[in-house]
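**Q** Residue numbers (this note's numbering), protein chains in the order written: chain W, 1 to 107; chain F, 1001 to 1186.
By construction, these hints were calculated from the structure, which means they are not laboratory data.
Nothing here was measured: the structure is a model prediction, and the numbers come from that model.
The reader is advised that the hints may include incorrect statements.
[Claimed, not checked] Calculated lysine to aspartate or glutamate pairs in the EDC-like style (CA-CA distance at most 20 angstroms, straight line):
hint, chain 1, residue 1, chain 2, residue 2
1, W, K61, F, D1028
2, W, K70, F, E1034
3, W, K31, F, E1023
4, W, K70, F, E1023
5, F, K1170, W, E53
6, W, K61, F, E1039
7, F, K1041, F, E1024
8, F, K1041, W, D88
9, F, K1166, W, E53
10, F, K1041, W, E27
11, W, K31, F, E1039
12, W, K70, W, E90
13, F, K1041, W, D77
14, W, K52, F, D1045
15, W, K52, F, E1024
16, W, K70, F, E1031
17, W, K31, F, E1067
18, F, K1041, F, E1021
19, W, K52, F, E1021
20, W, K70, F, D1139
21, F, K1170, W, D77
22, W, K61, F, E1133
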Amino acid sequence: MNVQFKKGVLELCVLVLLDKKDRYGYELVQKISDQIAISEGTVYPLLRRLTKEGYFTTYLKESSEGPSRKYYALTEDGRAYLKDLLVDWEQFTNGVNQLIKEGVRDE
Amino acid sequence: MNREQFLSKLNDSLKRLPSSEREEILQDFREHFEIGMSEGKSEEDIASGLGSPQQIAKELVATYRLEQVGETANTGNVLRAVWAVIGLGFFNLVIVLGPFVALAAIVLSGWVSGLSLVLSPVLYLVNVIIYPEIFAAYDLFFTLFLSGLGIFIFIGMFYVTRWLSKGFVKYLNFNVRMVKGGMKDA
């Protein structure tokens, strides 16, 4: 897949993962890189940007092993933004899938 | 690359950010290393998974620059933001620099034509001083009219410039969000 627009998808992945529950940075990175090949480090700039835009809040929480971890929580704005992105995503993938189906049939 | 090397490279590439901001970022990555190591990964494996610290820093600097423009948009800020976004990758050189040069040319030509109209009576009078025989009241009034027109163009350009730079900053934000980066082999 063309790399240029995967970045927008990364944003969607992070938002979806946080919709279920609050998570810390490392956890988010692992969850995503289990599924897609990413440069893990670029998730952090994304987290910072979305936090500054008011889509996430962060808090520190002690962990049973080792030092406290920074958790990210979705805000109301973030949830609304996720909904918009999901609608866009659905339309986009439906469109592409439709084209693929038609293309395959023609051959 | 081990943990220390990764963090110091990242730190070096973030020199342009305020130190409080930089410290927060480094803390996020220290946490990442600590958790990874507690799961038994080696420092080198974690660093190579994270990718290039320089690329990560570019991303953070671009975000920071755009944020600054959001607070106060002046020429220096916008230029720094454009520069930072271009730095994200070659692709951005094409799709950011092209429109930017075109818009800058439009804005500049608007201001220059406004300025030349405003100054036209002065230029006319200079001409009259050099060649007194060409003086005609009609010409003088006509240049005064042009001067008034120039002032209107100035006022118009003020809004056009503000509007265009706001629009362009939105476009830069879109670029940081969607284009290039984040993926392996990008």
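**Q** State for each hint whether it applies.
**A** Now the hints, each set against the structure:
Among the hinted pairs, K61(W) with D1028(F) is consistent with the structure: their alpha-carbon atoms are about 14 angstroms apart, no more than 20 angstroms. Taken as a hint, the K70(W) and E1034(F) pair is honoured in the structure, with Cα atoms around 13 angstroms apart against an allowance of 20 angstroms. Restraint check for K31(W) and E1023(F): not satisfied, since their Cα atoms lie roughly 26 angstroms apart, outside the 20 angstroms limit. For the given pair, K70(W) sits about 14 angstroms from E1023(F) by alpha-carbon distance, which is consistent with the 20 angstroms threshold.
About 14 angstroms separates the Cα atoms of K1170(F) and E53(W), which keeps this hinted pair within 20 angstroms; it holds. For the suggested pair K61(W) and E1039(F), the alpha carbons sit about 19 angstroms apart, so the restraint of at most 20 angstroms is met. Distance restraint check for K1041(F) and E1024(F): the Cα-Cα separation of roughly 23 angstroms exceeds the 20 angstroms cut-off, and the hinted pair is therefore not satisfied. Taken as a hint, the K1041(F) and D88(W) pair is broken in the structure, with Cα atoms around 37 angstroms apart against an allowance of 20 angstroms.
The suggested pairing of K1166(F) with E53(W) holds, with an alpha-carbon distance near 17 angstroms, which does not exceed 20 angstroms. Annotation: proposed proximity of K1041(F) to E27(W) holds, straight-line Cα distance about 14 angstroms (limit 20 angstroms). Restraint check for K31(W) and E1039(F): satisfied, since their Cα atoms lie roughly 15 angstroms apart, inside the 20 angstroms limit. About 31 angstroms separates the Cα atoms of K70(W) and E90(W), which puts this hinted pair outside 20 angstroms; it is violated.
Taking the CA atoms of K1041(F) and D77(W), the gap is near 36 angstroms; set against the 20 angstroms cutoff, the hint is violated. Proposed proximity of K52(W) and D1045(F) is contradicted: the alpha carbons are some 30 angstroms apart, above 20 angstroms. With a C-alpha separation of about 13 angstroms, the suggested pairing of K52(W) with E1024(F) holds against the 20 angstroms cut-off. Distance hint between K70(W) and E1031(F) is fulfilled; the C-alpha atoms sit about 8 angstroms from each other, no more than 20 angstroms.
This hinted pair does not check out: K31(W) and E1067(F) have alpha carbons roughly 29 angstroms apart, beyond 20 angstroms. Note on K1041(F) and E1021(F): the hinted pairing is violated, with a Cα-Cα distance of about 28 angstroms set against a maximum of 20 angstroms. About 12 angstroms separates the Cα atoms of K52(W) and E1021(F), which keeps this hinted pair within 20 angstroms; it holds. Distance hint between K70(W) and D1139(F) is unfulfilled; the C-alpha atoms sit about 73 angstroms from each other, more than 20 angstroms.
For a cut-off of 20 angstroms, the pair hint linking K1170(F) to D77(W) stands: about 19 angstroms separates their Cα positions. Restraint check: the Cα-Cα separation between K61(W) and E1133(F) comes to about 87 angstroms, which exceeds 20 angstroms; the hinted pair is violated.
Violated hints, listed in ascending order, are 3, 7, 8, 12, 13, 14, 17, 18, 20, 22; each of the other numbered hints is respected by the structure.
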